[in-house]
Amino acid sequence: MPRNHPDNSAELFALPEKRPSPRHIYSVSEVTHDIKGILENTFREIWVEGEISNFKPSSSGHYFFSLKDENALLNAVIFSRNIQEIKFKPEDGIKVVCCGNIGVYPPHGGYRLIVEKIAPQGLGNLQLALEQLKKKLEKEGLFSPAHKRLIPYLPQRIGIVTSLQGAALHDILKVLERRFSDVEVIIYPVKVQGDGAKEEIAEAINNLNQFSKQEAPSAGIDVLIVGRGGGSIEDLWAFNEEVVARAIYNSKIPVISAVGHEKDWTIADLTADLRAATPSVAAELAVPEKNDLLGKIEKLLDNMSLAIDHILEDKEEDLAKSIDNLRLLNPLVRLKVYQERISGFVSQIITRARHLLELKQAALQEAVSRLGALSPLNILGRGYSITFKLPEGVVLKDARLLKAGDELKTRLGKGEIFSKVTEVK
Amino acid sequence: MAEIKFEEVLKKLEKIVEDLEKGDLPLDEALKKYQDGIELSRLCAQRLDNAKKKIEVLAKTKLGEFELKPLDETKYS
Numbered sequence: 029m030p031r032n033h034p035d036n037s038a039e040l041f042a043l044p045e046k047r048p049s050p051r052h053i054y055s056v057s058e059v060t061h062d063i064k065g066i067l068e069n070t071f072r073e074i075w076v077e078g079e080i081s082n083f084k085p086s087s088s089g090h091y092f093f094s095l096k097d098e099n100a101l102l103n104a105v106i107f108s109r110n111i112q113e114i115k116f117k118p119e120d121g122i123k124v125v126c127c128g129n130i131g132v133y134p135p136h137g138g139y140r141l142i143v144e145k146i147a148p149q150g151l152g153n154l155q156l157a158l159e160q161l162k163k164k165l166e167k168e169g170l171f172s173p174a175h176k177r178l179i180p181y182l183p184q185r186i187g188i189v190t191s192l193q194g195a196a197l198h199d200i201l202k203v204l205e206r207r208f209s210d211v212e213v214i215i216y217p218v219k220v221q222g223d224g225a226k227e228e229i230a231e232a233i234n235n236l237n238q239f240s241k242q243e244a245p246s247a248g249i250d251v252l253i254v255g256r257g258g259g260s261i262e263d264l265w266a267f268n269e270e271v272v273a274r275a276i277y278n279s280k281i282p283v284i285s286a287v288g289h290e291k292d293w294t295i296a297d298l299t300a301d302l303r304a305a306t307p308s309v310a311a312e313l314a315v316p317e318k319n320d321l322l323g324k325i326e327k328l329l330d331n332m333s334l335a336i337d338h339i340l341e342d343k344e345e346d347l348a349k350s351i352d353n354l355r356l357l358n359p360l361v362r363l364k365v366y367q368e369r370i371s372g373f374v375s376q377i378i379t380r381a382r383h384l385l386e387l388k389q390a391a392l393q394e395a396v397s398r399l400g401a402l403s404p405l406n407i408l409g410r411g412y413s414i415t416f417k418l419p420e421g422v423v424l425k426d427a428r429l430l431k432a433g434d435e436l437k438t439r440l441g442k443g444e445i446f447s448k449v450t451e452v453k
Numbered sequence: 003m004a005e006i007k008f009e010e011v012l013k014k015l016e017k018i019v020e021d022l023e024k025g026d027l028p029l030d031e032a033l034k035k036y037q038d039g040i041e042l043s044r045l046c047a048q049r050l051d052n053a054k055k056k057i058e059v060l061a062k063t064k065l066g067e068f069e070l071k072p073l074d075e076t077k078y079s
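Top to bottom, those sequences are chains A and B.
Going by this note's numbering, the first sequence opens with residue 29, and the numbers climb by one from there.
Going by this note's numbering, the second sequence opens with residue 3, and the numbers climb by one from there.
These are computed hints drawn from the structure, not numbers from a lab.
Hints may contain errors.
[Said to hold, decoys possible] Below, simulated BS3-like cross-link-like pairs (lysine-lysine); rule was C-alpha separation at most 25 Å, straight line:
#, chain 1, residue 1, chain 2, residue 2
1, B, 24, A, 241
2, A, 327, B, 35
3, B, 62, A, 327
4, A, 219, B, 62
5, A, 318, B, 62
6, A, 202, B, 35
7, A, 318, B, 24
8, B, 24, A, 349
9, B, 34, A, 343
10, A, 343, B, 17
11, A, 324, B, 35
12, A, 324, B, 13
13, A, 327, B, 14
Turn these sequences into a full structure, and let the hints steer you where they fit.
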């Protein structure tokens, strides 16, 4: 393959072996189509370094330029959709690294590098490496959300991996003091930049895990903060290193990354269980406010007391109701009710009986007085008399029953007369 | 207390309050929950009060042993 010698034209032209026959005649389109296929399939996602020349933004917003080195020149384009991702200003003379595909444009019969990513060289190399490492680690699952562990709500012991001299430690301790002053902190001092930094950081994470395991369960470490204060991208580079990412990934203790660089995520950030933009934020994420917690618990207690009071009141009400119901069902109470009803009946009966008696008495009196009016004795008072024949004492109503010499008794209104019959007519 | 996770205790306490606030529990169950709640809140408070402030620096000695020293505050910042 001529990829390493693109300027070796003899080899390039020798390439297409499967020409059907020497007599075959291509149309321009046909041959261009084949060339397009070969070039575009071969040069995909390639990285090319070179110097920018003929840089010219087009009116439609694309960047047209060439990449060149001592011996060759490659036309290139950055389409407008990729332009806003460029973090520097491309211009002639700058050495850059570009990533993209070769594209053939049949109407012009030319080919270009269609640039997807571009970075200045030097830093560009770092970024290139970073992109490549990112891809590799992502494939391995180091950034997988499934692997992320929950940060404990209230850690008892916090491990910090950072420099003793940096602002990061100062910031973290200050925030911890403010939010939850009496938390235990174990600092594992490391270099955070320069030679050996990445190894020290990785080792510190490993050692803190080992130490925590040794001290567990009574004094294990609940969460790690790994980071440093802000700095240039080169200063932060240790946090883009594979060995650090792997140490974070393998940590049994949940890790909060705290690299002081708000915009860009380092590989440590991507791998950590939680990413904080700054060390202060990391400390805030690591511990809750003690006063908030105390207030929360107090509130819960209040609510609980209120709730139980309610329940007790409700139950008391229920009980009172039940007691009332029970009272109505008590046989003694029912007996009393019946007794009351019975005595009601009795007094009614007495009243009625008395009334009846009175009526009868009145009737009796009436009868007596009427009887008095009918008594023969009363008639005698008016001058009539009754005569009885003696000795029988029968009342005489017919004179023919008498004969002379019979003895008679006559009752008058007052007194009686005894007499003898002298003559009967 | 070291082994009881604070957030778990807090969650249990929240659940108890929620259950009690619903108010449809039998009395003995409600009272049991209340008692549990008091106990849990005591544990929470204890955990908060028992926390110790300690800032130490860990290092591994040449012999491979861990060594904890208090942070010398003059040495940093």
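Evaluation of the provided hints:
no., hint, result
1, 24(B) x 241(A), "violated, 43 Å"
2, 327(A) x 35(B), "holds, 17 Å"
3, 62(B) x 327(A), "violated, 45 Å"
4, 219(A) x 62(B), "holds, 15 Å"
5, 318(A) x 62(B), "violated, 32 Å"
6, 202(A) x 35(B), "violated, 40 Å"
7, 318(A) x 24(B), "violated, 29 Å"
8, 24(B) x 349(A), "holds, 22 Å"
9, 34(B) x 343(A), "holds, 15 Å"
10, 343(A) x 17(B), "holds, 22 Å"
11, 324(A) x 35(B), "holds, 19 Å"
12, 324(A) x 13(B), "holds, 12 Å"
13, 327(A) x 14(B), "holds, 15 Å"
When the structure is compared with the earlier hints, violations turn up for hints 1, 3, 5, 6, 7 and for no others.
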